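> Okay, here's what each chain looks like letter by letter:
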Amino acid sequence: MDTAEKLDKNASGRNHAEEPLIDLEEQPMQETRYPEHTVGTPFVDAPKMRFRDVNVSYGDTQAIHNISLDIGKNEVISLIGPSGCGKSTFLRCLNRMNDTIDICRVSGELFLEDQDLYDSKMDVVELRARVGMVFQKPNPFPKSIYDNVAYGPRLHGLANKKFELDEIVETSLRKAGLWEEVKDRLHAPGTGLSGGQQQRLCIARTIAVSPEVVLMDEPCSALDPIATAKIEELIDELTESYTIAIVTHSMQQAARVSNRTAYFHLGRLIEVNDTETVFTKPEHELTEAYITGRFG
Amino acid sequence: MDRTYFGQHSSSQFNEALESIRNHLMEMGGLVEKQVVDALDALLRADSDLAEKVMQAEDKVDKLEIQIDEECARVLALRQPAASDLRLIIAVTKAVSDLERIGDESAKIAAMALQLSEEGESPRGYVEVRHIGNHVRNMLRDTLDAFARFDADKALDVAAEDNEVDLEYRSAMRSLVTFMMEDPRAISRVLNIIWSLRALERIGDHSRNIAEQVIFLVKGKDVRHISMDEMEEKVKG
Amino acid sequence: MSKTTEKVRKTLARRYRAERRFKAFGIVSIVIGLSALLLLFGDIIGKGHSAFFEHYVELSITYDPETLEIEDANDPEQLRYGNFEGVVRAAIQERFPRVEERQDRRALNALLSTSAGYELRDRLEADPSLLGQKETLWLQLDDDADMFLKGSEKQRENARLSPQQREWVLDLEAAGETRSEFNRSLFTSGDSREPEQAGILGAILGSVFTMLVTLALSFPIGIAAAIYLEEFAPKNRFTDFIEVNINNLAAVPSIIFGLLGLAIFLSWFGMPRSVPLVGGIVLTLMTLPTVIISSRAAIKAVPPSIREAAMGLGASKMQVVLHHVLPLAMPGMLTGAIIGMAQALGETAPLLMIGMVAFIVELPTGPLSAATVLPVQIFLWAGSPEQSFVALTSAAIMVLLAFLIAMNTLAVVLRKRLERRW
Numbered sequence: 015m016d017t018a019e020k021l022d023k024n025a026s027g028r029n030h031a032e033e034p035l036i037d038l039e040e041q042p043m044q045e046t047r048y049p050e051h052t053v054g055t056p057f058v059d060a061p062k063m064r065f066r067d068v069n070v071s072y073g074d075t076q077a078i079h080n081i082s083l084d085i086g087k088n089e090v091i092s093l094i095g096p097s098g099c100g101k102s103t104f105l106r107c108l109n110r111m112n113d114t115i116d117i118c119r120v121s122g123e124l125f126l127e128d129q130d131l132y133d134s135k136m137d138v139v140e141l142r143a144r145v146g147m148v149f150q151k152p153n154p155f156p157k158s159i160y161d162n163v164a165y166g167p168r169l170h171g172l173a174n175k176k177f178e179l180d181e182i183v184e185t186s187l188r189k190a191g192l193w194e195e196v197k198d199r200l201h202a203p204g205t206g207l208s209g210g211q212q213q214r215l216c217i218a219r220t221i222a223v224s225p226e227v228v229l230m231d232e233p234c235s236a237l238d239p240i241a242t243a244k245i246e247e248l249i250d251e252l253t254e255s256y257t258i259a260i261v262t263h264s265m266q267q268a269a270r271v272s273n274r275t276a277y278f279h280l281g282r283l284i285e286v287n288d289t290e291t292v293f294t295k296p297e298h299e300l301t302e303a304y305i306t307g308r309f310g
Numbered sequence: 150m151d152r153t154y155f156g157q158h159s160s161s162q163f164n165e166a167l168e169s170i171r172n173h174l175m176e177m178g179g180l181v182e183k184q185v186v187d188a189l190d191a192l193l194r195a196d197s198d199l200a201e202k203v204m205q206a207e208d209k210v211d212k213l214e215i216q217i218d219e220e221c222a223r224v225l226a227l228r229q230p231a232a233s234d235l236r237l238i239i240a241v242t243k244a245v246s247d248l249e250r251i252g253d254e255s256a257k258i259a260a261m262a263l264q265l266s267e268e269g270e271s272p273r274g275y276v277e278v279r280h281i282g283n284h285v286r287n288m289l290r291d292t293l294d295a296f297a298r299f300d301a302d303k304a305l306d307v308a309a310e311d312n313e314v315d316l317e318y319r320s321a322m323r324s325l326v327t328f329m330m331e332d333p334r335a336i337s338r339v340l341n342i343i344w345s346l347r348a349l350e351r352i353g354d355h356s357r358n359i360a361e362q363v364i365f366l367v368k369g370k371d372v373r374h375i376s377m378d379e380m381e382e383k384v385k386g
Numbered sequence: 002m003s004k005t006t007e008k009v010r011k012t013l014a015r016r017y018r019a020e021r022r023f024k025a026f027g028i029v030s031i032v033i034g035l036s037a038l039l040l041l042f043g044d045i046i047g048k049g050h051s052a053f054f055e056h057y058v059e060l061s062i063t064y065d066p067e068t069l070e071i072e073d074a075n076d077p078e079q080l081r082y083g084n085f086e087g088v089v090r091a092a093i094q095e096r097f098p099r100v101e102e103r104q105d106r107r108a109l110n111a112l113l114s115t116s117a118g119y120e121l122r123d124r125l126e127a128d129p130s131l132l133g134q135k136e137t138l139w140l141q142l143d144d145d146a147d148m149f150l151k152g153s154e155k156q157r158e159n160a161r162l163s164p165q166q167r168e169w170v171l172d173l174e175a176a177g178e179t180r181s182e183f184n185r186s187l188f189t190s191g192d193s194r195e196p197e198q199a200g201i202l203g204a205i206l207g208s209v210f211t212m213l214v215t216l217a218l219s220f221p222i223g224i225a226a227a228i229y230l231e232e233f234a235p236k237n238r239f240t241d242f243i244e245v246n247i248n249n250l251a252a253v254p255s256i257i258f259g260l261l262g263l264a265i266f267l268s269w270f271g272m273p274r275s276v277p278l279v280g281g282i283v284l285t286l287m288t289l290p291t292v293i294i295s296s297r298a299a300i301k302a303v304p305p306s307i308r309e310a311a312m313g314l315g316a317s318k319m320q321v322v323l324h325h326v327l328p329l330a331m332p333g334m335l336t337g338a339i340i341g342m343a344q345a346l347g348e349t350a351p352l353l354m355i356g357m358v359a360f361i362v363e364l365p366t367g368p369l370s371a372a373t374v375l376p377v378q379i380f381l382w383a384g385s386p387e388q389s390f391v392a393l394t395s396a397a398i399m400v401l402l403a404f405l406i407a408m409n410t411l412a413v414v415l416r417k418r419l420e421r422r423w
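Sequences listed follow chains A, B and C, in order.
All the letters of the first sequence, read from the start, carry residue numbers 15 to 310 under my numbering.
All the letters of the second sequence, read from the start, carry residue numbers 150 to 386 under my numbering.
All the letters of the third sequence, read from the start, carry residue numbers 2 to 423 under my numbering.
Hints in this document: simulated from the structure, not taken from any laboratory.
Values in this document were obtained by computation on a predicted structure and should not be read as measured data.
Pairs of lysine-lysine, DSS-like flavour, derived with a Cα cap of 30 angstroms: (1) A:LYS151 x C:LYS417; (2) B:LYS243 x A:LYS295; (3) C:LYS301 x C:LYS318; (4) A:LYS157 x C:LYS318; (5) A:LYS175 x A:LYS157; (6) A:LYS151 x A:LYS244; (7) C:LYS236 x A:LYS135; (8) B:LYS383 x A:LYS295.
One side of the interface only, derived from the structure: several residues of chain A facing chain C at Cβ under 10 angstroms: (9) ASN109; (10) MET111; (11) ASP113; (12) LEU141; (13) ALA143; (14) MET147; (15) VAL148; (16) GLN150; (17) GLY166; (18) HIS170; (19) VAL223.
Yeah, the Cβ is synthetic: ideal placement off N, Cα and C, and Gly gets one too.
Using the sequences plus the hints, can you model the full thing?
Encoded structure:
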């Protein structure tokens, strides 16, 4: 258990008197305080997405506290932090995937360019076409490779004729670096591909609807290092046309793929900085402790 | 930020590896410091035995350098250190090569001491050697101290002291060159002293380099190749 | 050897013994279950196999217009009232000319099935030129004579035939004038009071119509309910309440549904009795919980990652369900529906309440004509006094079991065939 959790427990008043939860000698981090505001540079000029004072709660538990952050155009921002720090929850707010959870409440300002994500005028279907998502586990539909990629464009009516659809499928697969591997078996089931290929298929499927922002929720956690390297290279290429927000548990991955890195800790956004800064000279001690591996 | 611990990594082996690197660096620092002191003594007292010892100590320093580099490479490969750990490894690898150079310079001084003991003492320059030598010795001690305690302020002092050493070195050079022009017969012996002074000045520069690494390690800021004022600003600011 | 190893060794023998005991218990249980099943099948097949065959006797028939009281074989009116039995009687008496006593003659006539006359009529109707001609035909024996011929020595002693009749039958058998044929009427005719003429086609058709109604109602309703509850319904007290009650409904004794059908569909809505439509509706009520529960399980088994993927691409809730959840859950839903159907197929109690227990000779022509169903037919025959009905009952049970096994196999095959891996 880390100190912050202990502090939380203490504050909640349980076992308050009898059981001192903090052992001073063993916990030299006990001085740790959350910063009043996120340290570093959470804001950028002309952001693609803008968030101010975002709070998210599940029932009575608050998962995210007052997060303010900008995501710049065509940048890769990685969200890192220990498990349960709210990074995935935050990511899922960005295209309202949290809507499916009944008890989930989101407040604060969330903007995609100048459109409020949670405004009643905002159509969630349109939002998800503009902000695509790639998930942790490769989840191709149990259909053919072609149908997997064509699903989104068909759904949104992006192609009227067969050849237009063929073209979209091909460009998407090419962008995802999968075309050469699958062009001869487009009608084979997508589930028959290897894990890394499946994940690239999922990325192809996501970019087939030409989103503006691509969210990636630990896209490589189920993949081997080679497949991971391919995806990372792909992310690098995708930045030319897309804005990417990626949640990852691998700090090396965050360091490799992202321009900026945001560090979450127990539902708070502690620090946002250039990735280089975060990994060589983080400003906040919690960030430092996390990326040097000083948390249990 | 004070960073006085290597502990608290989730991995205790990581802690031990970093601790071991630091200990070896300190050991190497101690050896090199002794080399410098002994070389100066040998020069000033024309002690050829001591000079031989200094030159022999070189071996041990070289071995330590290789060992520390290997340890750093291992940590880089196995642990992918980040932030302060990464800075520590970078600073150590650089400091180690500076220390090794200091060792080399000490050996050069010892060689000069041997030569002087054969050719006879130099008519001039010992005052300067003693003076600059003391300075440089202090710098080396302080910089090692700063490294051991992650003390950026002390490191800044060392960097400032290097400027003084440079000034003194230049004035010593001027006076010795003047002397050589006056008495050409003593040129070869005075040259030995000049080489020694030159070596001492280099030791001062290397100490300053190490001090800069200490500042990088503690503050995460690169203070190489900038003026003293800017450096001060970066460290204090 | 370390101390731990020693200790471990000591307990090993005990552990292995316990393991063997446990295995033995399992094997014994399976043997008990299997032998019960074998016993059941053996008994049913042993009793019922004879019903698939029946005996015929070879007789020389004269289509005598006088005996028949038919002048024009093309006149359906005359054909209908023709005395074909007289011709049959004449034929058998011709075979045994020495039987003269009136009583004996009657006993002799009783050896032949009443269906023999109908057979002659059908032949004459098909070919009117036969009138006045002679023909050698195989005619059906009465069930008692049939049973006698089929039986073993011991069973022959108990047959319901007089000593005289036995003699005649044995005489015919010895002369090679009897033969055993496949019992076509079992599969081609409806119920009858005469065992040798009774068939299960009526019951099968009744079952088929009932099942069609049940399938047509319970499958869409069940799936719609399951999808709503699983995908759309808000999670609140009310939906919890519905969920609990669906589970309760699955445990309600089936006769209660029969009573419900009687009270609501027959008395209130005034629907006709004994028709597959009402039977189907009642069985729908009974199978709905099964279908809903299995469909919900199938929907739950669809990995959430698929839903997320579709939603992440901007599919609406409806599209997610129609494009992904439903196709993926379909094998499970089908299996559930088929198993529910199989349950309904074997159900008797609720149908008794709505009058599907009537004696119906005509073959049903649709869901609105009076009919009975296979299990009810079995129930009816099991209660009949004639000895031959015992075999018929078992034969009907075999047919019913065959249907059930076929349906369950279909369920397994469908699941295997349609199941997708992800």
